[in-house]
Amino acid sequence: MPYLEEQNGCSTKGDILLVLRHAPHGSSWLREGLDIALVGAAFDRDVSLLFMGEGVLALLSGQQAGALGQKGTHPTLQMLEMYDIDALFVEQRAMERYGLVQEDLILAPQGLEEAGMADLIKHHDLVLTF
Amino acid sequence: MASTEIYRYLVLNNGQSIPVDPEGYLVDRTHWSLDVARILAKEASIQLDEEHWAVIEVVRDFYRQYEMAPAMRPLVKAVGKQLGAEKGRSIHLMRLFPGSPAKVVARIAGLPKPANCL
Chain A
53 MPYLEEQNGC
63 STKGDILLVL
73 RHAPHGSSWL
83 REGLDIALVG
93 AAFDRDVSLL
103 FMGEGVLALL
113 SGQQAGALGQ
123 KGTHPTLQML
133 EMYDIDALFV
143 EQRAMERYGL
153 VQEDLILAPQ
163 GLEEAGMADL
173 IKHHDLVLTF
Chain B
3 MASTEIYRYL
13 VLNNGQSIPV
23 DPEGYLVDRT
33 HWSLDVARIL
43 AKEASIQLDE
53 EHWAVIEVVR
63 DFYRQYEMAP
73 AMRPLVKAVG
83 KQLGAEKGRS
93 IHLMRLFPGS
103 PAKVVARIAG
113 LPKPANCL
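Those protein sequence lines, which keep their order, are chains A and B.
Mapping of the first sequence onto our numbering: residues 53 to 182, in sequence order.
Mapping of the second sequence onto our numbering: residues 3 to 120, in sequence order.
Bear in mind the hints are in silico, worked out from the structure with no lab data behind them.
None of the values given here were measured: they were computed from a predicted structure.
Each hint should be verified, as a subset may be incorrect.
To be verified - Below, in silico cross-link-like pairs of lysine-lysine (DSS-like), each with a Cα-Cα straight-line distance of 27 Å or less:
no.	chain 1	residue 1	chain 2	residue 2
1	A	Lys123	B	Lys79
2	B	Lys79	B	Lys89
3	B	Lys79	A	Lys65
4	B	Lys83	B	Lys115
5	B	Lys105	B	Lys44
6	B	Lys83	A	Lys123
7	A	Lys174	A	Lys65
8	B	Lys89	B	Lys115
9	B	Lys115	B	Lys105
10	B	Lys44	B	Lys115
11	B	Lys105	A	Lys123
12	B	Lys115	A	Lys123
13	B	Lys105	B	Lys79
14	B	Lys83	B	Lys105
15	B	Lys89	B	Lys105
In isolation and in its complexed conformation, chain B is listed as follows:
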């Protein structure tokens, strides 16, 4: 769930401070930018390439449309629909966003934690 608790701040190169919650999700998703995504990715030891950005865009689209960040199953389906069947596989997403892809990609995309991601 989205949290409004400010736990710490990300500091951008331009000196701007972005509040994040205890789990590393943005407190205010309108603070998201490409730089914010890069910093959040770096915290997860991920170097963003084109493959990552494509998935981030799919997830942000999903949120725009349904007002919720996708759990794993709809994430796989959405990626498959938009990027092609060979990308819409959990193994591909696990490789890009190791650990728990739905949670990791939502965090980097500046969205709330997927509510029904168990």
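Chain A extracted, bound-state conformation:
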């Protein structure tokens, strides 16, 4: 699907795709998925992130740190660019389900429909779901 690359220069190809399907705070799934992304980038892999289902809530702006003095995930998301992780995608349908638009989100992920997500998965050697 070459049109994706034309849209904003974000390649849909890469070595590792992290599919993030959990909201922050309720569990450590999101944090652990992001940790893997950072490890991949530290090993010079091309890492892409797909925020899917309730995972889109990770990107909701205006979040604070978790209860019990836990660190939030926003600082880690902001840090992704320092690891050159800039291939960020979000499930369009999940955005609609939660009534979200791009302006509600931090970062600037690219929205994908089903076909786009299938294409994204097809073009990564390793797909890890968190």
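Given the coordinates of chain A, work out where chain B should sit on it, guided by the hints.
Quick look at chain B alone, frame taken from chain A:
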């Protein structure tokens, strides 16, 4: 990762004792001060000059912003952004903080060990 295990104490000139973990990282990063940095640097056989302090400040900024100490790649990028491209090179950081710059500078800057530094 940050450790809470107290392994030994650094003793400052004013008699204050600062707990450090088995790898030499501060157990409580709020204990950090310029004197603490000098002692930690001395343990790594590093005499801190202006170049070192500039990098230490970049790394402490990084932590303030992202709540994590940078691994090598983001360290190089952050230093390049803040101090200029000629400083943002691994060779420069290797010279200032020999061995494993990301780990050494995090330790001297009083931050936890970089979590994803492999």
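Taking the hints in turn, this is what the structure says about them:
1. A/Lys123 x B/Lys79: holds (23 Å)
2. B/Lys79 x B/Lys89: holds (10 Å)
3. B/Lys79 x A/Lys65: holds (23 Å)
4. B/Lys83 x B/Lys115: Holds. B/Lys83 to B/Lys115 sits at ~22 Å (cutoff 27 Å).
5. B/Lys105 x B/Lys44: Satisfied, since the Cα-Cα distance of roughly 15 Å is no more than 27 Å.
6. B/Lys83 x A/Lys123: The hint holds at about 25 Å.
7. A/Lys174 x A/Lys65: holds (9 Å)
8. B/Lys89 x B/Lys115: Within the cut-off at roughly 22 Å; holds.
9. B/Lys115 x B/Lys105: Within the cut-off at roughly 6 Å; holds.
10. B/Lys44 x B/Lys115: holds (18 Å)
11. B/Lys105 x A/Lys123: holds (21 Å)
12. B/Lys115 x A/Lys123: OK: B/Lys115 and A/Lys123 at ~16 Å, within 27 Å.
13. B/Lys105 x B/Lys79: holds (16 Å)
14. B/Lys83 x B/Lys105: holds (20 Å)
15. B/Lys89 x B/Lys105: Given pair B/Lys89, B/Lys105 holds - Cα atoms ~18 Å apart, limit 27 Å.
The structure agrees with every numbered hint stated previously.
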